[in-house]
Structure formats: structure tokens, C-alpha cells
Amino acid sequence: MGRITLDKVTKRFGDVEVIPPLDLTIEDGEFVVFVGPSGCGKSTLLRLIAGLEDVSGGQIRIDSKDATDLPPAKRGLAMVFQSYALYPHMSVRKNIAFPLKMAKMDQAEIDRRVDNAAKVLNLDSYIDRRPGQLSGGQRQRVAIGRAIVREPSAFLFDEPLSNLDAALRVGMRLEISELHERLKTTMVYVTHDQVEAMTMADKIVVLQAGVIEQVGSPLELYHTPRNKFVAGFIGSPKMNFIEGETAAQHGAHTIGIRPEHLTASATEGLWKGTVSVSEHLGSDTFLHVHETGLAESITVRVGGEFPVRHGDTVYLTPEADKIHRFDEKGLRIA
Amino acid sequence: MATQHSRAAARIMMAPAVILLLGWMLVPLTMTLYFSFKNYLPLRGGDLGWAGFENYTRFVTSSSFWPSILTTLIIVGGVLFITVVFGVLLALLLDRPMWGQGIVRILVIAPFFVMPTVSALVWKNMFMDPTNGLFAHLWRAFGAQPVEWMSQASLPSIIIIVSWQWLPFATLILLTAIQSLDGEQLEASEMDGAPALKRFWYIILPHLSRAITVVILIQTIFLLAVFAEIFVTTGGAFGTKTLSYLIFQRVLESQNIGLGSAGGVYAIILANIIAIFLMRIVGKNLDN
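Same order as they appear, the protein sequences are chains B and S. Going by my numbering, the residue at position 298 of the first sequence is 337; the numbering climbs one at a time, nothing skipped. Going by my numbering, the residue at position 147 of the second sequence is 1520; the numbering climbs one at a time, nothing skipped.
Treat each hint with caution, since some may be false.
[As the list claims (entries may be wrong)] Only pairs whose alpha carbons sit at most 16 angstroms apart, straight line, appear in this in silico EDC-like list of lysine to aspartate or glutamate:
hint	chain 1	residue 1	chain 2	residue 2
1	B	Lys242	B	Glu220
2	B	Lys113	S	Glu1563
3	B	Lys242	B	Glu252
4	B	Lys242	B	Asp62
5	B	Lys158	B	Glu214
6	B	Lys113	S	Glu1560
7	B	Lys242	B	Glu259
8	S	Lys1497	S	Glu1521
9	B	Lys143	S	Glu1563
10	B	Lys140	S	Glu1563
11	B	Lys133	B	Asp145
12	B	Lys223	B	Glu66
If you're looking for bench data, these hints aren't it; they were derived computationally from the structure. The structure presented is a predicted model; accordingly, all values stated were derived computationally and were not measured.
Generate coordinates for the entire structure from the input sequences, incorporating the hints supplied.
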């Protein structure tokens, strides 16, 4: 079981309110991702759940028991840190066994669990090495191993992939998702990378300045962002925002259109502009179009090969039913 | 960078420093070796010719030789123990955020800047004097008979004085080591269910092991040569004669340069044995 409920949880550092009263429910077995720009309070929120920070107000319930004042060790949660926080003077085996040793479990049970974790995470080949002799990805696995042996009611991940290189990150992302499928344990995952959020989450919590902007499944957030912030944060490349007369024609203060919902043509279209940079990724090409008179720059996704160069004229047409409309406050107009 | 030419130039430019250091070390060493084989009594006839190994046998067979080695080891060991244990505790304390941290840290470092002679005199006269010392007043306040520190507890007194001087050094090095500990490791161990004492034992202490070996190594080198503290307090009496003090007595009080030099050679051998021993431990500790 691992149902975590935050009830009007508040955090203040001195006079600064980092997290205004916040309500959130994380269901048992869910993979929840906290995502937001740096400094949005997502890590603080995770640390509040972990018990590494004291709440200034409100209540945290884990499996409907009040955990607000429980020390971290008593909450039954395990955490994977950004720096992995492995103990450098202990071997991988001892690192993983450490929480069990602290729980005064008997040696046979410790060995059984450590061997099991080693098998699950494929770290048999370096179980007797020290963290200093491991690569980033291996350390990551050990950190996860140390978390799973405790059989916690929920896992907390604090930007676990941000120290890995791009290729490894994609691999570990898959591994963590698979681990979740296998263990079916609640996971709370903090990241600033919206791609990680979109690919891994059952439920995404978008945070800005300690406030929850929207909670929903990845596709919900993609298709019906509640406001301009969520619309701009979810999706890559970013949504284009157009203000002024064009927006007024659609009865909105601002309209948003994603790069993938625009079609580009060299001959005809609704909006005319000049290509500034075209980025070829092989499967896709992203055009950055200037001088449209709509916004400073508009990004368009076109197919793999689209023969335009810097300075060429291009015509853009939005898909009418994929236009997002926002009012003066940036809220979505249904 | 490392072309033939630049390497030759580097050698030429380093030569003066190397020659100076070599001379600095070799001249006294050869002179000590030379005198140790001489029968040289400045006030009783001067240079009386070669003595063979007589000085060496006389120095070792003297009744004060083994006690002096033991005293040296007790002082070094005692001071190391006190400075490391209290250094770790003080460093833990000073690492905590507190009011007036800057001033407190300066106060803690202060004893290191007091000259050994001065601090020994201050301790001897202000704290340990059996009639006017602060300790004597304290003892009397409880109705106890004041301790005559310098005669009744001579070795502990010297160990206390020397420890007081070296504690700041140990604290400072251990404090910087504690500050370099990754906070996430402590948080991770907290989540893993380790209470404060176990966090200290399993996380902080292993992290400090490297700094502790450095403290032990550096302090041992200096503590083997402790002299001023003994000279101004007990003057080598009441079983406080260390090896270096014994050499001083042979050379200056008995005016026997040959015998003292032989003692000096023994001191070099002792220091080297300890150094090799320590280097092994340090090497082991610095490797991983």
C-alpha cells in the first residue's frame, strides 16, 4: 500500500512562503511526476513527503495514517537522490544491505533480499566493488537497489537521471518504468524535464512557484492544458503563442498552436514568413520562422525532408481544431 | 610542454632549490654522523680522537635510554589520542550553525598561535601551580588537597599542555573534512533508518578516516620533537625525559657531543621506523 495524501501542506523558509497551502492525493501504485522549472518547489515538496523537511502547516497522510511528524525512517518510504548518495567506503553489497542492517534484520534475510535486488537490477557483476569504481548508470542502479530492498510503500526519486548523459538517460528511463510495472509500487518522481514526465508518468503534477498549475495524465495535459504555463511547459518544441488581432479573430487574448499542428508550404498558406533556421533531425525538421507579423518566432514541425534554406519564404497554416485559446489571465477558454 | 629542451631548462631552474635543500639536510646529517664516532668533550679536553661504536653502546646501555623511549611514545600516543577524539567532537560541534560562529572558530584556533614556551609557562604558573594555580583553587573549593601537577602527575600535565596546543590543528583539519561530506549521504542514511549515533559511526567517521590519518601523520612528526614544554615545566625530571630531551642533556648538560650525536642518530632511526609504519597506514587509507 502506498497512498499519500497532502492536506493543505505549507512550507515557509523564514518569511518566504515556498509552498502555499497545497492539496494533492497520490493513489496507491501510481507513478506521479512532479515537473516544473527550477525553483518551483518540486524538490521541496518531495522532501516534505520524505520527512527531510518539516512542514510549516497542514498534514501529510501515508496510507491514511498521519505522518506529518514522523521521522523519515518511520514513514516507510525510500528515496533515490540526485547525487545517488551512495556510501563511498562501503561495497555495493554493503550499500544495499545498509537499510536492512539498520532495521536489525537477520543476516540470511538480508542476503536473500540483496541477492534478489542484484538480480532484478543486473548488478551481480559489480556487487563487490565500491561506488567510486562504478559508472554513473551503475551507481544509479545501486541507488535504486538500496531503495527496493526495503520494500517501501512508495519510492521517491529526486531528479535521478540529471547526472547521466543523454543516451544513458533514455535507457534508465525505460528501466525505471519497467521497474514500476513489475513492482506496482507508488512512485513519486521529481524532474524538470518534461520529456521524462510525459514518458513515465501516470499522473503529472505541474508546479510553478509552489503552486500546482494542473494535475492530469500526460495526454490530458497535452491536449487540454489549463493555462498558458502548462501549455508552454508540456510538449517539445514549445507551443507557439500568438497575441493581438489574429488571437482576437478566434475570440481570445492569446492563441496557442503546437509546432506539430502547423503545416508549412513553399507556395500557399494562411501566414507568410521567412525561414531563419531549419533544424534537421532526420525524422523531423523544425523550422524557426520569423517576420510573420504574429510573434517573434514561430516553430513548425515538418516532415523529414523539407528543402528550405535561411531566408526562404514559407507559408504556414494551423489545423483549425488544434488551436488553444487563452484569456487575458492566461486561462484556457473552453 | 615536456620537450627535451623544456625538461633540461626545468632541471637547471630547479637545481638551486634542490642543492640548497640537500645541503640543508646533508651537512647536519654528516656532521652528526661524524661526531657520533668521536670522543668529543668541549670543556674536558675537546676532540679526543675516534671512539668507534663506543658512543652508540654507551647511549643505549644508559639507564635512561629505554625509559626515554617509553616516555616519548606515551607523550606522542597520549596527545594523538586526546587531539583526535576531542578534535572530532569539536569539529562536529563547530560544524553546527550557531550564533557567533566566526568568533568561536577564531577562539578555537587561537592556542595554535601561542608559542610552545609561552603556553607551557602559562599552564605551569596559572593553572597547575600547587599554591596559586586555578586548579589548586578549584580543588580547594571542593575541599580537596591540591595536586602538585609537575611532580605528582608530570606526564599527564605535559600531555595536557601539548594537547591543548595541537587540538586546534586537529579540529581545523577535521572540520574542513566534515564540511566536505555530502549532505545527501547523511539524508540517505537518515531515510535508511540510521539514528544519529549510527550515522556518526557508519557515515561520518569513515568519511573522516583520511583526515584523521593526515592529522596523525603530521602531528607525530612534530610531537616526536617536543622539547620546550618539557624544558620550561619539569626540566626532564619526574620521568618526563623524552629521547630528544635526553640528547639535549647529553650534549649540553654533560657536554658530551659524541654521545649526544649517537643519540641523534638513534632518534633519526626511531623517527624513520615510525614514519614508514605511518606511511603504510596512510597509503592504505589514501588509496580508497
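Hint-by-hint comparison with the structure:
no., hint, in the structure
1, Lys242(B) to Glu220(B), "15 angstroms, holds"
2, Lys113(B) to Glu1563(S), "10 angstroms, holds"
3, Lys242(B) to Glu252(B), "13 angstroms, holds"
4, Lys242(B) to Asp62(B), "15 angstroms, holds"
5, Lys158(B) to Glu214(B), "14 angstroms, holds"
6, Lys113(B) to Glu1560(S), "14 angstroms, holds"
7, Lys242(B) to Glu259(B), "9 angstroms, holds"
8, Lys1497(S) to Glu1521(S), "11 angstroms, holds"
9, Lys143(B) to Glu1563(S), "15 angstroms, holds"
10, Lys140(B) to Glu1563(S), "13 angstroms, holds"
11, Lys133(B) to Asp145(B), "14 angstroms, holds"
12, Lys223(B) to Glu66(B), "11 angstroms, holds"
Consistency with the previously given hints is maintained throughout, with no hint failing.
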